[in-house]
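K.L.:
Each chain, letter by letter, is given below.
Protein chains: 6
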Amino acid sequence: MRKSNKKRPNHLAKRRAATARDDDEIVALKLPAATPLSPEMAAYFTKCEEKLGFVPNVLKAYAFDTAKLSAFVAMYNDLMLAPSGLTKLEREMIAVAVSSQNRCYYCLTAHGAAVRQYSGNPLLGEHLVMNYRVARLSKRQRSMLDFAVKLTASPWSVEEGERERLRRVGFSDRDIWDISAVAGFFNMSNRVALATDMRPNTVYHGQAR
Amino acid sequence: MRKSNKKRPNHLAKRRAATARDDDEIVALKLPAATPLSPEMAAYFTKCEEKLGFVPNVLKAYAFDTAKLSAFVAMYNDLMLAPSGLTKLEREMIAVAVSSQNRCYYCLTAHGAAVRQYSGNPLLGEHLVMNYRVARLSKRQRSMLDFAVKLTASPWSVEEGERERLRRVGFSDRDIWDISAVAGFFNMSNRVALATDMRPNTVYHGQAR
Amino acid sequence: MRKSNKKRPNHLAKRRAATARDDDEIVALKLPAATPLSPEMAAYFTKCEEKLGFVPNVLKAYAFDTAKLSAFVAMYNDLMLAPSGLTKLEREMIAVAVSSQNRCYYCLTAHGAAVRQYSGNPLLGEHLVMNYRVARLSKRQRSMLDFAVKLTASPWSVEEGERERLRRVGFSDRDIWDISAVAGFFNMSNRVALATDMRPNTVYHGQAR
Amino acid sequence: MRKSNKKRPNHLAKRRAATARDDDEIVALKLPAATPLSPEMAAYFTKCEEKLGFVPNVLKAYAFDTAKLSAFVAMYNDLMLAPSGLTKLEREMIAVAVSSQNRCYYCLTAHGAAVRQYSGNPLLGEHLVMNYRVARLSKRQRSMLDFAVKLTASPWSVEEGERERLRRVGFSDRDIWDISAVAGFFNMSNRVALATDMRPNTVYHGQAR
Amino acid sequence: MRKSNKKRPNHLAKRRAATARDDDEIVALKLPAATPLSPEMAAYFTKCEEKLGFVPNVLKAYAFDTAKLSAFVAMYNDLMLAPSGLTKLEREMIAVAVSSQNRCYYCLTAHGAAVRQYSGNPLLGEHLVMNYRVARLSKRQRSMLDFAVKLTASPWSVEEGERERLRRVGFSDRDIWDISAVAGFFNMSNRVALATDMRPNTVYHGQAR
Amino acid sequence: MRKSNKKRPNHLAKRRAATARDDDEIVALKLPAATPLSPEMAAYFTKCEEKLGFVPNVLKAYAFDTAKLSAFVAMYNDLMLAPSGLTKLEREMIAVAVSSQNRCYYCLTAHGAAVRQYSGNPLLGEHLVMNYRVARLSKRQRSMLDFAVKLTASPWSVEEGERERLRRVGFSDRDIWDISAVAGFFNMSNRVALATDMRPNTVYHGQAR
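Protein chains in written order, with the working numbering: chain V, 1 to 209; chain P, 1 to 209; chain U, 1 to 209; chain C, 1 to 209; chain S, 1 to 209; chain L, 1 to 209.
A hint or two may mislead.
[Stated by the list, open to error] In silico SDA-like cross-links for lysine to any residue, where the CA-CA straight-line distance does not exceed 25 Å: (1) U:K150 x S:A34; (2) L:K139 x P:E164; (3) L:K150 x S:A153; (4) P:K30 x V:K30; (5) V:K150 x S:A34; (6) V:K30 x P:K51; (7) P:K30 x V:E162; (8) S:K150 x P:W156; (9) S:K139 x U:G161; (10) V:K30 x P:W156; (11) L:K150 x C:V149; (12) C:K150 x L:W156; (13) L:K88 x S:A34; (14) P:K30 x V:R168; (15) S:K150 x C:V149; (16) P:K30 x V:R142; (17) P:K30 x V:K47; (18) S:K30 x L:R174; (19) V:K47 x V:R21; (20) U:K139 x C:V149; (21) P:K30 x V:S154; (22) V:K30 x V:A67; (23) S:K30 x L:G161; (24) S:K150 x L:K150; (25) V:K88 x P:R167; (26) L:K30 x S:Y118; (27) P:K51 x P:A67; (28) V:K30 x P:R167; (29) V:K150 x S:S157; (30) V:K139 x V:P122; (31) V:K30 x P:D146.
Keep in mind the hints are simulated off the structure, nothing from the lab.
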């Protein structure tokens, strides 16, 4: 959407008139800034650059409207980082398995890198990107991904039997909520990314190989 | 999840030990309160009761954790109520068409009622619940729903051609973002509702028939 | 197809030359009367008006050819009303579950109303229209609908195992025939209705809510 | 269901107690005669034996209840033999293309033979059984089968565009009704046959090769 | 591709300039000879004519390039004729069940004939062409075909559970390799045949009826 | 299947009795050597080690039977390396797009690396693994992959229209054969790899990133 500018966090740089898409545009839509970035969100972007070395493109994509950006960031951070019976790695594993089912390039790239980083196991990231069934997982984690992928592919068919299978491998009802909420969230994000042809920061590709 | 209590907004009533689900429980999960309801969210619930006469069950379902509830409410209200090139009715139409594709009982009930109310056309609500293709829509609205349903059913196949079709019937790039974001959001909510067997307030069924 | 005429059972009123479809036309096809209505069928229409207050549109749609109408009526009445190990409500439940799988607007409307009426449970009608898996059914009725929906969605895969599952919840072989025949019939009717864009009488929408 | 008895048209021979299915039983259900065969239907069976040399097994399968048999025969004969803008061969072609989509052994066998007989072209029968797209058809007949197969596989998606395609190759609205009704009928019969594991008369296999 | 020439094995007869396809052309592609037939392959064709009375069209189709033909023949003969825990009939049964799933006219015709010949049971050939589930098979052969068809329809979902099911009915690990390799091979051949509209020798249709 | 042995090309090392699979076993089947490696194949393995630094696991998997190995190698090398109107990169692109549709871990890994190497464009490899539609391709290459993926997902639906689309972007009939043959081959290899849980050499993961 916007050009990444190495010098300063100028996330709202003006767009050229050209209709052809620049290679460095993040989404396939011309989105003029609807609202200026709030101080909180500007601070959050700065924090991203300090901690990660870059602002993830999905955040830049949402930055045309600070209310939308704030809502996305609040939900994302709660789901992926707040205390939960699921580890952060497990939440990233769900993100990748769901994104593989939906074939979402953005999320496979960004969260595939996260799985490699959190797990220290580059192969695990590849397995989840390509076909989560080839990963050698504990029964707990396999059940978790089976649930998330079924919920993605045929949501109408998830019933008490599916929840019982999770309980039998040790998940609490609260854990089941979290699995469902993370799987649901990436079914949303995958679709926003695919509908807008969102492109990930290229730095992800080399991370934690 | 929690019993609806007609007298006061006691959204965190204690749960019985019984494993069988009460008919008036909102979700099929036993979710103990993780955090107390914040003053903002308590005020929001009161406002719902004043304006709607009830608190929508989805909000009660999220109330076990006030951060999750806040994030959901912020995103929902921005998507469905903030200024947009799409009317509120059009956003509800997307909600129902997506929920029909996913066969989500909760969202079909709640947002089917909203379509009936906003449109003043009870048949339109039924059409979108059953098969949006039978609704007699403008080319603009039909294209909008075709996009949302394709994004739901085969998200990997949405490309520039699909975006171009929306532009040709008059949607701006910002509108395309909003269509995608609303369709994405209900792909999330449908899955959270289906995964937890969430039940809608019964009052929806009779509204605006 | 034909305008409903409140004064007399004139089911074969002449059609206008206009190619655009009238809002009160029952099907999207211009079907000139091929044969006049037989006295038996005329009497049947009168009986419908006396008992129901209207002639169901599907009958008017078939009325262009009295042999086709008679055959349809004979098969329909035998399947849905003749003695059977299935109650009339159960046969209507199959009708709605099958029609939901096929997303048939006509049959969901007409038979959704019938489920509401026979059961006295408006919610049951909504559940079957939206996703039969959310209805709280006996094991017998759930097995019956699972069979009917599988037979609808992947008929090639129905084998002895599926029949055995029905026998185990108490269905006789004759009952299995009836479940299959009703499910089969609505797979036919759904397709005739969808292929011709058949529209239900609007009166159904408000019945037994 | 019942043993074929070469000597006389004893279609209601008593069943053995054995639970295992005889090789010569027509369906996988034990269906005791619910009503005796009416004189009309007995005469019809005799006529079948005189004209065809045998009673088609589907008729024997329905014979346990003469009302069901009569209704089936009336609808079948009207659809397949009454005057229509479609030739009898074309109606049989639809039967086979639909039955191939549903993988119905009974109907592929019986109506595959009918296509070979009516067309005098054994290859045409094989093509329609295996993959109707390989048959070298006129544009009219190809469009007819495309419509019937789409109506079979995804009935919810048939709309005015599909009807227009038929009109453009010369079909009248009445013809479109007939194509839809025949395609619908075999979507019913395929499911009754598959649900009951109905077996065709072996004589069909060698006919018109 | 090339005209069958009754007098001599002239497999590389010159092509006419016409763009329309001759009825006796084997594939829908104009493939000029890239390499001459090697002496080995010429001898193999002669052997086919002596043993079968004709050269199978698939071999003529590959003959435009002798390296491709040799590779195909070597793999085919090893898979279908070399020693294996699977009988030759069982390998042909897999070929037909896979080809039915993919609806490949060429392979259904050629290998349907082979099943009829090897088994001496014409009905078995028809069952496998139409819907392998109707064939009355041993548990061993049914499991073998279930595996092959699942591997065809959803290869990503074949895991240790599927292999274990084969072992439980007596297949060795080597047999599982052979089942997989034969099923895989026909998933290749079906696609080459369908992509090129390959036509089988008409002689197959009448064989072993 | 066999342990990789760094010192010498001992591809037929004896297997332990343990039923549990070693992490370094290539397939999930215990395949005792059926035939010794021929001198030609032993030489080929040596050549692989010299040129690539390793023997691809798929070759070791086939090595239990030298006739099967030879046939596989002959077909593979002809398809992927012999002169063709398709570049070697284009053939690898087809391999990856097909393998992504089938979710084959082995082939995505090995041929994803090949695309990265041949193209010098690591992103192209990732795009084809994840969703080929996001790759920015020439019309020619996009049409080629659309054809290959359609042939993979619904082979029965590939007809003259699909071939015409390839001709319109410049492919010759011979090129169409090659596209079909390569796509077909990976539909075979994907299934053999998935059916046996074949594991790629780990070295691929880091190549040409």
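K.L.:
Now tell me, hint by hint, if it's right for this structure.
P.N.:
A quick look at each hint next to the structure:
1. For the given pair, K150 of chain U sits about 51 Å from A34 of chain S by alpha-carbon distance, which is inconsistent with the 25 Å threshold.
2. Annotation: proposed proximity of K139 of chain L to E164 of chain P holds, straight-line Cα distance about 18 Å (limit 25 Å).
3. Distance check on the hinted pair: K150 of chain L and A153 of chain S sit about 14 Å apart at the alpha-carbon level, within 25 Å; holds.
4. Distance restraint check for K30 of chain P and K30 of chain V: the Cα-Cα separation of roughly 45 Å exceeds the 25 Å cut-off, and the hinted pair is therefore not satisfied.
5. Of the pairs offered as hints, the one joining K150 of chain V and A34 of chain S is violated, with about 49 Å between alpha carbons and a cut-off of 25 Å exceeded.
6. As the CA atoms of K30 of chain V and K51 of chain P are separated by approximately 37 Å, the hinted pair breaks the 25 Å bound.
7. For the given pair, K30 of chain P sits about 16 Å from E162 of chain V by alpha-carbon distance, which is consistent with the 25 Å threshold.
8. About 23 Å separates the Cα atoms of K150 of chain S and W156 of chain P, which keeps this hinted pair within 25 Å; it holds.
9. The hinted pair formed by K139 of chain S and G161 of chain U meets the criterion: a straight-line CA distance of about 14 Å does not exceed 25 Å.
10. Distance check on the hinted pair: K30 of chain V and W156 of chain P sit about 21 Å apart at the alpha-carbon level, within 25 Å; holds.
11. The suggested pairing of K150 of chain L with V149 of chain C holds, with an alpha-carbon distance near 19 Å, which does not exceed 25 Å.
12. Annotation: proposed proximity of K150 of chain C to W156 of chain L holds, straight-line Cα distance about 14 Å (limit 25 Å).
13. As the CA atoms of K88 of chain L and A34 of chain S are separated by approximately 18 Å, the hinted pair is consistent with the 25 Å bound.
14. Pair hint K30 of chain P plus R168 of chain V holds up; C-alpha atoms about 15 Å apart against a cutoff of 25 Å.
15. A hinted pair counts as satisfied when its Cα atoms are at most 25 Å apart, and K150 of chain S with V149 of chain C qualifies at roughly 23 Å.
16. A C-alpha spacing of about 23 Å is found between K30 of chain P and R142 of chain V, which places the hinted pair at or below 25 Å, so the restraint holds.
17. For the hint linking K30 of chain P to K47 of chain V, the alpha-carbon distance of about 37 Å lies beyond 25 Å, and the restraint is violated.
18. Distance check on the hinted pair: K30 of chain S and R174 of chain L sit about 7 Å apart at the alpha-carbon level, within 25 Å; holds.
19. Between the alpha carbons of K47 of chain V and R21 of chain V the distance comes to roughly 29 Å, so the proposed pair goes past 25 Å and is violated.
20. Between K139 of chain U and V149 of chain C, the direct Cα distance comes to roughly 35 Å. Violation of the 25 Å bound is thereby established for this hinted pair.
21. A C-alpha spacing of about 24 Å is found between K30 of chain P and S154 of chain V, which places the hinted pair at or below 25 Å, so the restraint holds.
22. A C-alpha spacing of about 18 Å is found between K30 of chain V and A67 of chain V, which places the hinted pair at or below 25 Å, so the restraint holds.
23. Proposed proximity of K30 of chain S and G161 of chain L is supported: the alpha carbons are some 16 Å apart, at most 25 Å.
24. Of the pairs offered as hints, the one joining K150 of chain S and K150 of chain L holds, with about 19 Å between alpha carbons and a cut-off of 25 Å not exceeded.
25. Distance check on the hinted pair: K88 of chain V and R167 of chain P sit about 40 Å apart at the alpha-carbon level, beyond 25 Å; violated.
26. Pair hint K30 of chain L plus Y118 of chain S does not hold up; C-alpha atoms about 30 Å apart against a cutoff of 25 Å.
27. In summary, the hint linking K51 of chain P to A67 of chain P is supported, as the alpha carbons are separated by about 23 Å, within the 25 Å threshold.
28. Proximity of K30 of chain V to R167 of chain P is assessed by CA-CA distance (about 12 Å); at most 25 Å being required, the pair is judged to hold.
29. For the suggested pair K150 of chain V and S157 of chain S, the alpha carbons sit about 12 Å apart, so the restraint of at most 25 Å is met.
30. Simply put, K139 of chain V and P122 of chain V have alpha-carbon atoms about 20 Å apart, close enough for the 25 Å limit, and the pair holds.
31. Distance hint between K30 of chain V and D146 of chain P is fulfilled; the C-alpha atoms sit about 22 Å from each other, no more than 25 Å.
The structure shown violates the earlier hints numbered 1, 4, 5, 6, 17, 19, 20, 25, 26.
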